[in-house]
Amino acid sequence: KNQVEQSPQSLIILEGKNCTLQCNYTVSPFSNLRWYKQDTGRGPVSLTIMTFSENTKSNGRYTATLDADTKQSSLHITASQLSDSASYICVVSAKGSTLGRLYFGRGTQLTVWP
Amino acid sequence: DAMVIQNPRYQVTQFGKPVTLSCSQTLNHNVMYWYQQKSSQAPKLLFHYYDKDFNNEADTPDNFQSRRPNTSFCFLDIRSPGLGDAAMYLCATSRVLGTNTEAFFGQGTRLTVV
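Those protein sequences? They're chains A and B, same order as listed. Using the numbering used here, read the first sequence as starting at 1 and increasing by one per residue. Using the numbering used here, read the second sequence as starting at 1 and increasing by one per residue.
Any given hint could be a false lead.
Claimed, not checked - These stretches of chain B come out as covered by chain A in the derived footprint (C-beta under 8 Å, 3 or more residues): (1) 32-42; (2) 106-113.
Said to hold, decoys possible - A few chain A residues facing chain B, derived, Cβ under 8 Å: (3) Arg42; (4) Gly43; (5) Ser46; (6) Ile49.
Claimed, not checked - Here are the simulated distance ranges between beta carbons: (7) A:Gln9 x B:Phe15: 44 to 50 Å; (8) B:Pro61 x A:His76: 37 to 43 Å; (9) B:Tyr10 x A:Ala79: 33 to 39 Å; (10) A:Glu5 x B:Thr60: 22 to 28 Å; (11) A:Gln9 x B:Pro8: 26 to 32 Å.
Just so you know, these hints were derived from the structure itself, not from any lab. Don't be surprised by glycine CBs; every beta carbon is placed ideally from N, CA and C.
Produce the complete structure using the sequences and hints provided.
Okay, here's the thing in structure tokens:
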């Protein structure tokens with residue numbers, strides 16, 4: 001069964017600190033993995049997208065890693081800011097006959113305190 | 001500029017009263033998706049269009065219907081909303097292109113059923 005599991009479910013950190021969010025998946029055949037940021041009451045916004053051959057990808061203070069062998073990904077946020085408070089969703093795409101089918105994790109709710 | 005636009009952002013409807021949510025895109029993408037997202041849960045795919053081909057998820061209730069009159073627009077019709085249909089409804093688009101299919105989400109429509 002194609003699944004995406006994220007941990008932790010929620011996380012509270014102080015402003016300026018770093019944190020790492022985890023994503024494990026069983027989606028096969030794998031196409032790509034994305035991390036999205038979803039602010040409360042808004043649609044998800046893409047942070048990174050990684051294919052099978054990519055190990056690391058950065059977008060500003062966000063760095064995503066992918067280990068396709070162990071089917072694990074992480075999102076590292078450095079020097080956190082109050083505006084980083086949001087849900088971070090791991091989404092894995094499967095190769096399909098017609099579509100890049102998307103499988104969503106339940107997200108990690110990050111709260112950054114001043 | 002917004003590329004996937006959902007209207008309205010907030011919708012209040014009465015129990016059993018039909019309601020239509022709309023989504024438009026300026027990306028000329030082949031694929032359009034409708035997701036239902038309840039509080040603290042991952043988005044759940046309801047259906048998608050690949051061009052004019054409609055693909056319904058097996059567990060999507062018959063109460064939910066969709067129309068795609070042209071490439072740019074897609075509608076979600078809820079024929080008889082129940083209290084359990086209150087959720088955020090997300091529209092997304094993608095263009096199938098190799099393995100790096102990016103999905104773009106709208107801001108969502110928050111549906112309240114009273």
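Identify every previously stated hint that the structure contradicts and give their numbers, smallest first.
Structure breaks hint 7 only.
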